[in-house]
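Chains as they are written, first to last, in numbering that gives the first Met the number 0: chain S, 0 to 828; chain E, 0 to 284.
Bear in mind the hints are in silico, worked out from the structure with no lab data behind them. Since we're looking at a predicted model, the values are computed, not measured. Just so you know, even glycine gets a beta-carbon here, dropped at the ideal spot from N, CA and C. Please note: incorrect hints may appear among the correct ones.
To be verified - Chain S residues, not near chain E, derived (Cβ > 10 Å throughout):
(1) R139
(2) A143
(3) V246
(4) S299
(5) P425
(6) M432
(7) R445
(8) G491
(9) S494
(10) E716
(11) D726
(12) P733
(13) D734
(14) P779
(15) E792
Stated by the list, open to error - Going by beta-carbon spacing under 10 Å, a handful of chain S positions derived as facing chain E:
(16) E150
(17) V151
(18) A732
(19) Q799
Claimed, not checked - Taking beta-carbon pairs under 8 Å as the criterion, some of the chain E residues facing chain S (in silico):
(20) F5
(21) L39
(22) L42
(23) P47
(24) V49
(25) L85
(26) Y155
(27) Q157
(28) G161
(29) S178
(30) R187
(31) A189
(32) L259
(33) A261
(34) A262
(35) L269
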Amino acid sequence: MTEELDAGLVAEQIAESGEQSSPDGTRQIGQARRRKEDAKLITGQTRWTDNITLPGLLHMAVLRSPMAHARISRVDVSAAIKRPGVIAAFSGADLAADLGSLPCAWPVTADMVHPDHPPLATEEVRYVGDAVAVVVARGRYQAADALEAIEVEYEPLPPVLDMEEALKDEALVHSDKGTNKCFLWPFDGGDYDAAKAKAEVVLKRRFIQQRLIPTALEPRCVVVEPIAAANEFTVYSATQIPHILRVMLALVTSIPEHKIRVIAPDVGGGFGSKLNVYAEEVIALVVAKRLGRPVKWTESRSEGYQATIHGRDQIQDIEIAAKRDGTILGLSVDLKADMGAYLQLVTPGIPILGAFMFNSIYKMEGYRFRCTGVFTTKTPTDAYRGAGRPEATYAIERIMTELAVELGIDPMEIRRKNWIKHEEFPYETIAGMTYDSGNYEAATDRAMQLFGYDELLREQQERRDRHDPVQLGIGISTFTEMCGLAPSRVLGSLSYGAGGWEAASIRMLPTGKVEVVTGTSPHGQGHGTSWSQIAADALGVAFEDVEVIHGDTDSAPMGMDTYGSRSLVVGGVAVHLAAQKVIEKARRVAAHMLEADEGDIDFAAGSFSVKGSPEASKTIQDVALATFAAHDLPEGMEPSINADAVLDPENFSFPHGTHLCAVEIDTETGFTKIRSYVAVDDIGNVINPMIVEGQVHGGLAQGIAQALYEEAVYDAEGNLITGSLVDYLVPAAPDLPEFTTDRTVTAATSNPLGVKGVGEAGTIASTPAVMNAVVDALRPYGVNDIRMPATPERVWRAIQEGSSGGERSAAGTVSYGGAQTAATAGGAE
Amino acid sequence: MIPASFDYVRATSVDDAVAALIAGGEDAKVLAGGQSLLPLLRLRLTYPSVLVDIGPVAELRGVREDGDALVIGAMTTHHDIVRDPLIAQHSPVIAQATRLVADPAVRHRGTFGGALAHADPAGDLPAVALALDARFTIAGAGGRRSVPAADFFVDYLQTAVGPDEILVEIEVPKLGDGSRGHYEKFSRVAQAWAIVGVCAVVDTDGGWVSAARIGLTNMGPTPLRASAAEQALAGGSAHNGDVHAAAALAAEGTNPAGDLNAAADYRQHLARVLTERALAHALGS
Chain S
0 MTEELDAGLV
10 AEQIAESGEQ
20 SSPDGTRQIG
30 QARRRKEDAK
40 LITGQTRWTD
50 NITLPGLLHM
60 AVLRSPMAHA
70 RISRVDVSAA
80 IKRPGVIAAF
90 SGADLAADLG
100 SLPCAWPVTA
110 DMVHPDHPPL
120 ATEEVRYVGD
130 AVAVVVARGR
140 YQAADALEAI
150 EVEYEPLPPV
160 LDMEEALKDE
170 ALVHSDKGTN
180 KCFLWPFDGG
190 DYDAAKAKAE
200 VVLKRRFIQQ
210 RLIPTALEPR
220 CVVVEPIAAA
230 NEFTVYSATQ
240 IPHILRVMLA
250 LVTSIPEHKI
260 RVIAPDVGGG
270 FGSKLNVYAE
280 EVIALVVAKR
290 LGRPVKWTES
300 RSEGYQATIH
310 GRDQIQDIEI
320 AAKRDGTILG
330 LSVDLKADMG
340 AYLQLVTPGI
350 PILGAFMFNS
360 IYKMEGYRFR
370 CTGVFTTKTP
380 TDAYRGAGRP
390 EATYAIERIM
400 TELAVELGID
410 PMEIRRKNWI
420 KHEEFPYETI
430 AGMTYDSGNY
440 EAATDRAMQL
450 FGYDELLREQ
460 QERRDRHDPV
470 QLGIGISTFT
480 EMCGLAPSRV
490 LGSLSYGAGG
500 WEAASIRMLP
510 TGKVEVVTGT
520 SPHGQGHGTS
530 WSQIAADALG
540 VAFEDVEVIH
550 GDTDSAPMGM
560 DTYGSRSLVV
570 GGVAVHLAAQ
580 KVIEKARRVA
590 AHMLEADEGD
600 IDFAAGSFSV
610 KGSPEASKTI
620 QDVALATFAA
630 HDLPEGMEPS
640 INADAVLDPE
650 NFSFPHGTHL
660 CAVEIDTETG
670 FTKIRSYVAV
680 DDIGNVINPM
690 IVEGQVHGGL
700 AQGIAQALYE
710 EAVYDAEGNL
720 ITGSLVDYLV
730 PAAPDLPEFT
740 TDRTVTAATS
750 NPLGVKGVGE
760 AGTIASTPAV
770 MNAVVDALRP
780 YGVNDIRMPA
790 TPERVWRAIQ
800 EGSSGGERSA
810 AGTVSYGGAQ
820 TAATAGGAE
Chain E
0 MIPASFDYVR
10 ATSVDDAVAA
20 LIAGGEDAKV
30 LAGGQSLLPL
40 LRLRLTYPSV
50 LVDIGPVAEL
60 RGVREDGDAL
70 VIGAMTTHHD
80 IVRDPLIAQH
90 SPVIAQATRL
100 VADPAVRHRG
110 TFGGALAHAD
120 PAGDLPAVAL
130 ALDARFTIAG
140 AGGRRSVPAA
150 DFFVDYLQTA
160 VGPDEILVEI
170 EVPKLGDGSR
180 GHYEKFSRVA
190 QAWAIVGVCA
200 VVDTDGGWVS
210 AARIGLTNMG
220 PTPLRASAAE
230 QALAGGSAHN
240 GDVHAAAALA
250 AEGTNPAGDL
260 NAAADYRQHL
270 ARVLTERALA
280 HALGS
């Protein structure tokens, strides 16, 4: 690999060299090319990990704790071993010497409490679903049957379910640690106390980010293929992070890194849930090593709901200080974030990512952030689409609307008054981020136009006046987010365990075809298509002539994988930079072939020509073949025009946008229907508008799901009672409105393609837009908040309580003391 | 999500199926469309020793006329019910309710009789059968017997169908000129079970209601009739005010369970609201 590139410098070079285009003159970037990946995906000619079969493959099944918290007094696998087809069965103690502790790569503070995380529990179980023993059998059914023969004796310990109760340290999740507090992470920007002292109004709200369960279409799965004689292992995993997984498996199991190859075959969605190093990946590797035979494990949906990370789960105490004219002076955020029972790969860092986003697009003088991480006896939390930013965006966008209501100002006007104006970029925020670019005015103007804001306001008033049983609510979310997770030195300052760079290689094949090797690991994002468009434009080759290789540590050896909307802004830009290097090498060969000076060679549309005599030209394919033959290359030149690039970006990227939502609430039943939804996103330049559209639609669905549908609920014993798709309600197409989407384009200045991320924007923006609309519809009933999800029952009860002159505060939030349990979920008895 | 092992018998006639059930003993189970049974098997919530698949039994499929009644084969799929011309003509409420069952994939495999014999209190069709005064033909070793809807739904997931019997067909009276029905379903997402559902069937004569039959979904361990509301409607006017007053009695005598989606009092409230809406639809107002 080569030296890192200075993106800004390259941007200038590209600007000077002018646009390049494909041989037929059509620029690929910006075109809605159909995804190359889809033909195989929709015809089932796929390599999902579970489709992989190997000679002698054994199937692993995992016995899981039925208790939220208990001491394990006995595990006896002897009867299971006698069951038909069973090859082996192991307790935690049997494998403890090889398994190590699952990694957490983000120790957010020096004194963070970091408990051991055995992949198979040995002494205690700490959540329902904690792995206790495994069976390995010839058949998957045999393995599942044999689980029933394992005997485990538990001595129950008290479950710890409520974060505020947990912080009293009366019952401990990890008794050896003496506390349930994982960390306290403080951050201050400006002087919040001074800002508050000047305030004419101070508004406080408690918002609850309910616990969510990521639901990727493809369940997790791992296959380990050992070559015992060589002590070599190929690990196929339905993961977002083959490269990170390889490093971590080596660290955890002490199998040397160069003896492990990780492959992420076709992967069917992740949303952060496959951005992890899971117990089953480590166990399967260790078991395959012990047995010298390939081992497969595939989770069932209900198993995954217990044993794959959950998302969100925060208590947010927010205070905003302002002048009566609506000018914001300061913001204080006190978070409690549920870690669950253990720290997974980046668990503690997720709420910390939000620290830089609560201030959002608004200017202020003082900002205070405190985050307390809390252990409970529940499934560990970690990154879920947006990871920290949806939580932050929700809190600020909800309280901005509440402040507007308090002050009698239109909720859009109060935002306009406080946001960073387009001429003020680059802008250093109170949280220390430098927003390179943005135009909130343009996105908002477009959204308002598409939405028909004034007409809806008029209709709302009419419905209120005639006491229509169907009330209309209007919600606003003017959001920004940070994606790309870079540069590496900033991640280092946040104690993140890895860098934020990304690698790309371009291989020019003798026949003129192109292989792009990327370190990103797509699992639905369509990098095969978008990276082809980038390479085709840069190299002047046909879109169809580009193949993108990814997800295998042998063929794509260097990478940081896919999460945090980083792939395009880091990995896609790296492809572009590698292509520039290819052109520079090829220019030298072309000059030699054309017997001209290198400085006199122009490159356009895939062709090198001599300045002033365009008829003398060589295509990049000619150059590739000549380089392959290597019969006559410039003196001292290596016979290769292939090139690598590793990009460490200079900054995050900051997509933004304005989302507007209108809901109709049936006040007789409490049912909320989204009537219209307008999303105007500014994600800078667009590589493939169709893929962007898909990302926005999917993101909106998931953000709306948090607002109206999804919630992980535990009962008083710590059982996950929303443990399957029957009880955990994931909305589908009939439940969602037709979205109106549009874009404004303010190119990012931090990368040469001018692109920003889009993978999470829809999710981040939509939850507060919907909830602001729901609360807006209910204002006449004295309602000023609703716990998410705003289920029909919660909405109906809020109306009943509000209109009967009861507590003016929100249904559900008043007495809420922590994480979701059946007793506090509002509907259960 | 892996079922325990079981034996599988493929029946080709009703007699064949009954014989297989008797031979299979107490733990034998009928496999119809499988849309409820297979998830239970995969979650290991049930461990039948034998599954008797009645999918190949041709005589169990289809809809026919029998005088003033329609006779619906138990294995007629939801998909076929929705498109059946006789049902569209004589009892469109069945198709209207069936369209709301789960999702298209389930409706292609799930069956009318299977949904009724499974008798999930949150299932949509039991309340419809109840409101239509359906009769159920059950076959066993001793031949066939006919059971009225009022006696068919016995308890939570329990019907009058014995362990070695199968449901053969369901007979519903054709709705006459002045009779109309409507099923009103309330659920949080389109493909979910009903939180509450109400099927109202009314017989009208001019502006008067001569009789009303109201079936309630998920208001108890079995589908229930809203008898108090029915009585208030019978012989009364079809005016909105009278309908509203009658609907207010819809939850009378019910004792619904509370769950994640709805506490009991909210369920009762929904029953009243949905009854009024179902009646309004049925009365065309």
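Structure-based check of each hint:
1. R139: Incorrect as stated: the minimum Cβ-Cβ distance to chain E is 6 Å, not above 10 Å.
2. A143: It is violated; A143 (chain S) is separated from chain E by about 4 Å at its closest Cβ, not greater than 10 Å.
3. V246: Answer for V246 (chain S): holds, closest chain E Cβ roughly 32 Å.
4. S299: At roughly 3 Å from the nearest Cβ of chain E, S299 (chain S) sits no farther out than 10 Å, so the non-interface label is violated.
5. P425: Per Cβ check, P425 (chain S) is outside 10 Å of chain E; nearest 44 Å; holds.
6. M432: Nearest chain E Cβ is 38 Å from M432 (chain S), so the label holds.
7. R445: 31 Å, holds
8. G491: 43 Å, holds
9. S494: Since the minimum Cβ distance to chain E is about 39 Å, S494 (chain S) lies beyond 10 Å and the statement holds.
10. E716: Its Cβ never comes within 10 Å of chain E, the nearest being 16 Å, so this holds.
11. D726: 6 Å, violated
12. P733: The claim breaks: P733 (chain S) does not keep its Cβ more than 10 Å from every Cβ of chain E (closest is about 4 Å).
13. D734: 5 Å, violated
14. P779: 20 Å, holds
15. E792: Violated: least Cβ distance 5 Å, not greater than 10 Å.
16. E150: Because about 18 Å separates E150 (chain S) from the closest Cβ in chain E, which is outside the 10 Å limit, the hint is violated.
17. V151: Given a least distance of 17 Å, the restraint on V151 (chain S) is violated.
18. A732: It holds, given that the least Cβ distance between A732 (chain S) and chain E is near 8 Å, below 10 Å.
19. Q799: 9 Å, holds
20. F5: Cβ of F5 (chain E) sits 11 Å from chain S, so the hint is violated.
21. L39: 11 Å, violated
22. L42: 7 Å, holds
23. P47: 15 Å, violated
24. V49: Violated, about 17 Å.
25. L85: 28 Å, violated
26. Y155: Not OK, violated: Y155 (chain E) not within 8 Å of chain S, min 16 Å.
27. Q157: Violated. Min distance 20 Å.
28. G161: Check failed: Cβ of G161 (chain E) comes no nearer than 28 Å to chain S, outside 8 Å.
29. S178: Interface hint status for S178 (chain E): violated (27 Å vs cutoff 8 Å).
30. R187: Holds, because the Cβ-Cβ distance from R187 (chain E) to chain S comes to roughly 6 Å (cut-off 8 Å).
31. A189: Where the cut-off is 8 Å and the nearest Cβ of chain S is about 4 Å from A189 (chain E), the hint holds.
32. L259: 6 Å, holds
33. A261: Result: holds, 6 Å to nearest chain S Cβ.
34. A262: 6 Å, holds
35. L269: 6 Å, holds
When the structure is compared with the earlier hints, violations turn up for hints 1, 2, 4, 11, 12, 13, 15, 16, 17, 20, 21, 23, 24, 25, 26, 27, 28 and 29 and for no others.
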